[in-house]
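**Student:** With the UniProt record's numbering, letter number 735 in the sequence shown gets 735, and the count goes up by one each step, no holes.
Simulated from the structure, these hints should not be mistaken for laboratory data. What you were told as hints is all true, and nothing was included just to trick you.
Computed cross-link-like contacts, DSS-like style, restricted to lysine-lysine with a CA-CA straight-line distance of at most 27 Å:
#1 121 x 169
#2 380 x 314
#3 142 x 184
#4 611 x 588
#5 71 x 121
Across the chosen pairs, the derived CB separations fall in these ranges:
#6 277 x 692: 51 to 61 Å
#7 543 x 55: 51 to 61 Å
#8 388 x 233: 19 to 29 Å
#9 612 x 232: 28 to 38 Å
#10 220 x 551: 30 to 40 Å
#11 92 x 142: 28 to 38 Å
Ideal Cβ placement from N, Cα and C applies to all residues, glycine included.
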Amino acid sequence: MYTNLDEQALMADDQLVTSETILDELNTLRSLVPEVETLSRKYTNLNRLQEALFTIAELSGRNLELDLFYKGLHKIVANLLYAENFYIGLKSQNSNLRIAYLADRYDDGKHVNVSSERLEKSMTGYLIQHQEPVLADREQFKSLVESGAIIQMGSAPEFLLGAPMISQKECIGVVVVQSYDPEKGYDTQDMQVLEFVAHHLAQSIERAHYRDSLEKRVSQRTHELTQSNIELHKEIQERQRSEQLQRALFHISEMAHEAVHMDEFYQALHDVVSHLTQATNMYVALLDSDSGELCFPYRVDEIDSKPAPRLLGKGLTEYIMSRGTPMLLSNSEIKDLENSGKVEKLGTRSESWLGAPLIGDEGIIGAIVLQSYSKDFHYKKRDLELVTFVSRHLTSTLMRKQAREGLEEQVRARTHELEQEISERRRIERKLKHDASHDSLTGLPNRTIFLERLGEAFTRARRYRQSDFAVLFLDLDRFKLVNDSLGHMSGDELLKKTSSRIRRCLRGRDLIARLGGDEFAILLEPMRSEEDAVRLAQRISASFDQPFFVEGERIFTGTSIGIALGSERYQEPEEMLRDADSAMYRAKAEGRRRFVLFDASMHEEATRALKLENELRVAIDRNQFEVFYQPILASGTRKPMAVEALVRWQHPTDGLVFPGSFIDLATEIGFVREIDWYVLNQACYQLAEWRQSHSELSDLSVTVNLSSEHFSQTELPEQISNILEVTGLPASALRIEITEHALLSDEPQVHTVLNELNGLGIQLMMDDFGTGYSSLGYLHRFPITGLKIDRSFVTNMLNQSEHQAIVRTVKALAENLGLSLVAEGIEDEDTMVLLEQMECEFLQGFHISRPTNKDTILEWLLAHTQ
Numbered sequence: 001m002y003t004n005l006d007e008q009a010l011m012a013d014d015q016l017v018t019s020e021t022i023l024d025e026l027n028t029l030r031s032l033v034p035e036v037e038t039l040s041r042k043y044t045n046l047n048r049l050q051e052a053l054f055t056i057a058e059l060s061g062r063n064l065e066l067d068l069f070y071k072g073l074h075k076i077v078a079n080l081l082y083a084e085n086f087y088i089g090l091k092s093q094n095s096n097l098r099i100a101y102l103a104d105r106y107d108d109g110k111h112v113n114v115s116s117e118r119l120e121k122s123m124t125g126y127l128i129q130h131q132e133p134v135l136a137d138r139e140q141f142k143s144l145v146e147s148g149a150i151i152q153m154g155s156a157p158e159f160l161l162g163a164p165m166i167s168q169k170e171c172i173g174v175v176v177v178q179s180y181d182p183e184k185g186y187d188t189q190d191m192q193v194l195e196f197v198a199h200h201l202a203q204s205i206e207r208a209h210y211r212d213s214l215e216k217r218v219s220q221r222t223h224e225l226t227q228s229n230i231e232l233h234k235e236i237q238e239r240q241r242s243e244q245l246q247r248a249l250f251h252i253s254e255m256a257h258e259a260v261h262m263d264e265f266y267q268a269l270h271d272v273v274s275h276l277t278q279a280t281n282m283y284v285a286l287l288d289s290d291s292g293e294l295c296f297p298y299r300v301d302e303i304d305s306k307p308a309p310r311l312l313g314k315g316l317t318e319y320i321m322s323r324g325t326p327m328l329l330s331n332s333e334i335k336d337l338e339n340s341g342k343v344e345k346l347g348t349r350s351e352s353w354l355g356a357p358l359i360g361d362e363g364i365i366g367a368i369v370l371q372s373y374s375k376d377f378h379y380k381k382r383d384l385e386l387v388t389f390v391s392r393h394l395t396s397t398l399m400r401k402q403a404r405e406g407l408e409e410q411v412r413a414r415t416h417e418l419e420q421e422i423s424e425r426r427r428i429e430r431k432l433k434h435d436a437s438h439d440s441l442t443g444l445p446n447r448t449i450f451l452e453r454l455g456e457a458f459t460r461a462r463r464y465r466q467s468d469f470a471v472l473f474l475d476l477d478r479f480k481l482v483n484d485s486l487g488h489m490s491g492d493e494l495l496k497k498t499s500s501r502i503r504r505c506l507r508g509r510d511l512i513a514r515l516g517g518d519e520f521a522i523l524l525e526p527m528r529s530e531e532d533a534v535r536l537a538q539r540i541s542a543s544f545d546q547p548f549f550v551e552g553e554r555i556f557t558g559t560s561i562g563i564a565l566g567s568e569r570y571q572e573p574e575e576m577l578r579d580a581d582s583a584m585y586r587a588k589a590e591g592r593r594r595f596v597l598f599d600a601s602m603h604e605e606a607t608r609a610l611k612l613e614n615e616l617r618v619a620i621d622r623n624q625f626e627v628f629y630q631p632i633l634a635s636g637t638r639k640p641m642a643v644e645a646l647v648r649w650q651h652p653t654d655g656l657v658f659p660g661s662f663i664d665l666a667t668e669i670g671f672v673r674e675i676d677w678y679v680l681n682q683a684c685y686q687l688a689e690w691r692q693s694h695s696e697l698s699d700l701s702v703t704v705n706l707s708s709e710h711f712s713q714t715e716l717p718e719q720i721s722n723i724l725e726v727t728g729l730p731a732s733a734l735r736i737e738i739t740e741h742a743l744l745s746d747e748p749q750v751h752t753v754l755n756e757l758n759g760l761g762i763q764l765m766m767d768d769f770g771t772g773y774s775s776l777g778y779l780h781r782f783p784i785t786g787l788k789i790d791r792s793f794v795t796n797m798l799n800q801s802e803h804q805a806i807v808r809t810v811k812a813l814a815e816n817l818g819l820s821l822v823a824e825g826i827e828d829e830d831t832m833v834l835l836e837q838m839e840c841e842f843l844q845g846f847h848i849s850r851p852t853n854k855d856t857i858l859e860w861l862l863a864h865t866q
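Could you build the full structure based on these sequences and the hints that come with them?
**Tutor:** The structure is reproduced here in structure tokens:
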């Protein structure tokens with residue numbers, strides 16, 4: 001019995017202990033609920049933050065306009081905390097502040113255009129200055145305003161939360177939310193969230209602004225290129241018109257010498273003018289100096305017949321002759337002149353009348369007139385310029401015709417040659433225009449992209465210590481023939497088809513670029529061995545065995561290919577491309593339609609060129625140049641009248657080096673002007689000394705060659721004037737030889753420089769006359785005072801009659817234009833005698849004396865002035 005009672009008591013105690021334990025555990029769990037809820041909220045907030053960051057990143061990559069981008073950022077922040085009232089303030093690179101985005105219940109749009117100075121004093125400036133987040137209620141905000149820490153802009157908030165946006169330790173702006181509702185405030189957790197988001201917003205905003213800035217720069221550059229193309233088009237149109245006028249001049253000159261009778265000449269002149277403007281009705285009037293009558297040697301008219309010669313009266317022709325200026329008159333203007341009594345009506349009144357007087361050396365000798373009876377056509381100002389141009393050259397032709405009858409055959413030959421030169425110049429100008437345009441033709445990468453990719457290949461090769469790439473340089477064979485025979489449109493089409501065919505020979509990862517003209521380059525990467533490059537060259541060459549079909553024509557062409565293999569010896573991508581180019585030229589030299597691998601021998605050639613460049617730089621630094629002089633004699637007396645200053649290089653190991661071996665390189669690397677200045681200074685000093693020390697040389701002058709780069713420099717006349725002033729040499733004793741290349745640009749500053757040099761009294765000689773594209777055209781556009789006949793004509797005078805005829809033509813041209821003339825290249829006595837018989841003014845050449853140093857030439861000059 002006792003035992004049962006004890007067992008029951010023990011069971012009751014066990015039940016009591018179990019209940020108490022459960023109760024304790026429940027209490028423990030209840031105490032953990034707040035902590036779990038806190039952790040849950042933190043986890044939820046972290047998820048929201050992570051989602052916001054993903055959304056910010058996605059928004060940054062959508063390439064939106066800035067307004068849409070900012071609205072997207074606003075929406076993201078609003079998902080994290082109360083942000084009905086939200087703005088973003090930014091600091092520019094020059095530290096100016098602006099409101100980039102503002103959304104506000106009360107002040108939306110009011111403060112977007114606030115000045116930077118006011119923003120610096122506001123909460124925006126406060127946040128940027130302190131670079132710490134701010135959490136303020138209404139009283140704290142009011143305290144900041146009253147203490148002068150900030151100024152209030154807009155409505156005062158109940159709560160304000162702001163955070164600076166920091167990027168790379170630099171504050172670029174602020175993001176601010178504020179509440180006007182007392183029930184909607186912010187706490188420290190919101191501040192941490194906004195601060196965290198602001199950090200990531202800074203990076204996104206910077207990227208968005210950079211992208212927007214880049215797009216604006218691209219747009220601006222596109223606009224600039226468009227404007228450049230427009231200007232280029234205008235320039236081309238002006239050049240084309242100038243060429244038309246130039247051709248008219250040559251036609252007129254040619255006709256003056258070919259026509260047997262003046263009637264033929266006038267008819268041919270009419271044809272030329274008709275090609276330039278409407279010239280259905282045209283006449284030429286000439287004043288007969290013996291009878292005093294106005295004659296009409298040529299007239300073509302739809303209505304009126306050719307008038308008889310008449311004494312000077314009050315006709316329109318006499319009116320412009322008396323005024324001495326070209327005129328463009330309408331029907332009403334002619335009627336007004338008739339009503340005023342200034343002119344009399346003679347014949348049918350035209351709807352549009354265009355006339356220019358023929359002004360000779362001794363006065364007005366006549367007029368040339370175009371007129372239109374149609375109300376549908378009226379002449380314009382440019383037609384007036386045309387007739388003025390034609391009238392000048394018509395006058396010149398009429399006055400020179402009798403004096404130049406003996407040179408008719410020679411001038412015809414020269415005119416034909418000039419036409420060929422103009423044709424060649426036009427071809428070159430077309431090519432330059434094509435080369436200067438952006439390569440939208442083939443759609444291939446350009447030189448810049450190719451060199452960038454090649455540079456990346458260099459980087460990979462250095463990193464992995466292997467050179468598994470190659471460059472192929474391609475040039476089409478006989479491409480010029482296609483251009484010249486079928487035209488540039490066909491040439492362009494051939495280039496497009498060529499690029500497509502080459503691309504089909506490449507692997508997907510290989511790069512092809514058009515470098516310009518008919519030159520292409522291929523980057524082959526990676527490759528297993530040089531055999532890959534060889535096989536590619538073979539594939540490309542084989543693909544050219546099939547004809548191209550262009551404009552219905554079958555065209556066969558080939559390509560010469562130079563190959564340069566990747567090597568550690570290359571430091572820059574340009575070096576490898578240069579070697580591939582050299583190998584391509586070797587392929588062309590060996591017969592075209594083949595490929596050549598760049599090898600050690602070609603490398604040695606390139607090394608020699610680089611060595612010469614380095615030595616030339618040293619020569620300029622160490623003044624290793626010396627001026628030699630060659631005498632120029634007066635024809636007949638054979639007395640020295642001038643010397644030409646010529647540069648020589650006293651090489652420390654190679655001895656005396658002639659300019660033909662280094663001038664082109666000096667021009668290429670930009671040192672030719674320094675050499676020119678050295679020669680000019682030395683020549684002026686030397687001649688001044690000779691003239692002062694030797695009375696028999698007091699009239700001696702010196703000729704100096706200046707490269708074309710000088711004549712676009714507006715300070716050139718002042719610099720030369722300073723040299724003359726320092727040396728005491730009179731300007732009349734200095735002759736400057738100009739090549740046609742210096743005049744090709746025909747730029748305004750070239751005109752200005754030459755006119756100023758001429759104004760100083762310096763003589764300007766055109767060197768190598770007769771070999772350029774339009775030498776004759778320069779004689780009336782530039783203040784040229786003398787000509788130097790190219791040595792190629794003088795040297796072969798005795799053996800080639802056409803060269804002798806050209807020399808006679810140039811001599812007559814110089815005489816008629818009042819220009820001095822030097823014949824260069826005399827190598828024997830017979831040539832010298834012939835030139836003296838032709839009364840060529842000055843003589844120069846090896847037969848007289850080779851160029852020598854200053855001491856030797858002085859002895860020669862003194863010996864030949866006795």
